[in-house]
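Start from the sequences and build out the full structure, keeping to the hints where you can.
Chains as they are written, first to last, in my numbering: chain A, 1 to 79; chain B, 1001 to 1196.
The hints are simulated quantities; they were obtained by calculation from the structure and are not laboratory data.
Ideal placement from N, C-alpha and C gives every residue a C-beta, glycine not left out.
Just to be clear, a hint being listed does not mean it is correct.
[To be verified] If you want the ones that stay clear, here's a sample from chain B, every Cβ over 10 Å from chain A, calculated:
no., residue
1, P1026
2, T1067
3, G1092
4, L1162
5, G1166
6, R1169
[What the hints assert, rightly or not] One-sided excerpt, in silico: chain B residues whose CB lies under 7 Å from chain A:
no., residue
7, L1005
8, A1008
9, L1011
10, L1015
11, S1016
12, I1031
13, F1032
14, H1042
15, L1052
16, G1064
17, Y1151
18, H1155
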Amino acid sequence: MQQVEIVDKILRQIAITDFTRTAVDDQPISLFETTIRYLGGLLSGNYSNRGISMAFADKRMQATIYSLAPSAIWFKTQN
Amino acid sequence: MGKLLEQAVSLADSLSIAFDTPSGVPDDEVIFNPKRRRFGNHDNSITCIGTLVLEWTRLSDLTGNPTYAGLAQKAQAHLLSPKPDTGFKLPGLVGTYVRLNNGEFGDYQAGWGGGSDSYYEYLIKMYAYDPVAFAAYKDSWVQAAESSMQYLASHPTSRTDLTFLGEFRGNSTVPMSSHCMFQSHRSILTMKPLDY
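If you want it as structure tokens, here you go:
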């Protein structure tokens, strides 16, 4: 894919997002929707790290992404 | 722990209050601020209850904290062993709405449409995830699939070569189909974990 800038922007946004608050008070959010899209997305992103070396040729970019998301499963599945 | 996983934990910890009900069947709506609480719905659909277990179990497996899996699997158990059992006419196919106070079904609208669909999807995905731990989930899925082929399969009179899955409402089938592309996709997905 090689969309280095887009992925970098996404990862940095995730890192600074406060997932314990909504922008507006008393805003109901769906457990189902939040689980399959946000929680599922975070866990899948974690898993996708193992594909990063294939998706990103730039070694410095790989290092940046690994430092943001060095997942247990990545290390496990590399063995 | 990586930042993505750290944020997943933060999010799940905030959402966990949804499961704070008498039965453990979660409220689908939660409010984070100013005070964290669940919204106070009286029931929830099997889609919203039954499409959590993969993510919440995975989070426990990655973090070593069994709390998340415990919450989702306790909720799922109400769907795998539906109460009251007298009303459930098609094996494996359960109703759509469950009461939060006692974990009992409030209706018998069975099928693979919106409100039900992904409960069945997650049964077989959990089996693919861990065939030993979730063998009972697979048994439930197979029962549902067999009941569907036997009772819900329907062929339009103008195109008898086509098969749709209808819905079961109360005591009879209704020749109404939704999410039909989804269904064929799910059936194909199932071939691999079940070794067909």
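Just want to verify: B/G1166 was marked as not at the interface with chain A; is every Cβ pair farther apart than 10 Å?
25 Å, holds
When the nearest CB of chain A is found for B/H1042, is that gap smaller than 7 Å?
Violated, because the Cβ-Cβ distance from B/H1042 to chain A comes to roughly 15 Å (cut-off 7 Å).
Just to be careful: measuring from the Cβ of B/L1011 to every Cβ in chain A, is the smallest value less than 7 Å?
With Cβ-Cβ at 4 Å, under 7 Å, it holds.
Going by Cβ atoms only, is B/L1005 closer than 7 Å to chain A?
5 Å, holds
Interface hint for B/I1031, Cβ within 7 Å of any Cβ on chain A
It holds, given that the least Cβ distance between B/I1031 and chain A is near 6 Å, below 7 Å.
Is the interface hint satisfied for B/Y1151? The criterion is a beta-carbon contact with chain A at less than 7 Å.
27 Å, violated
Chain A versus B/R1169 - minimum CB to CB distance exceeding 10 Å, so not interface
23 Å, holds
Check on B/P1026 being off the interface with chain A, judged by Cβ distance over 10 Å
6 Å, violated
Far enough from chain A: is every CB of that chain over 10 Å from the CB of B/G1092?
Since the minimum Cβ distance to chain A is about 22 Å, B/G1092 lies beyond 10 Å and the statement holds.
Let me know if the C-beta of B/A1008 comes in closer than 7 Å to any C-beta of chain A, holds or violated.
Where the cut-off is 7 Å and the nearest Cβ of chain A is about 4 Å from B/A1008, the hint holds.
Return the status of the interface hint for B/G1064: holds when the least beta-carbon distance to chain A is below 7 Å, violated otherwise.
9 Å, violated
Would you settle whether the hint for B/L1052 is holds or violated, based on the nearest Cβ-Cβ distance to chain A being less than 7 Å?
5 Å, holds
Going down the numbered hints, you'll see the structure goes against 1, 11, 14, 16, 17, 18, while the others check out.
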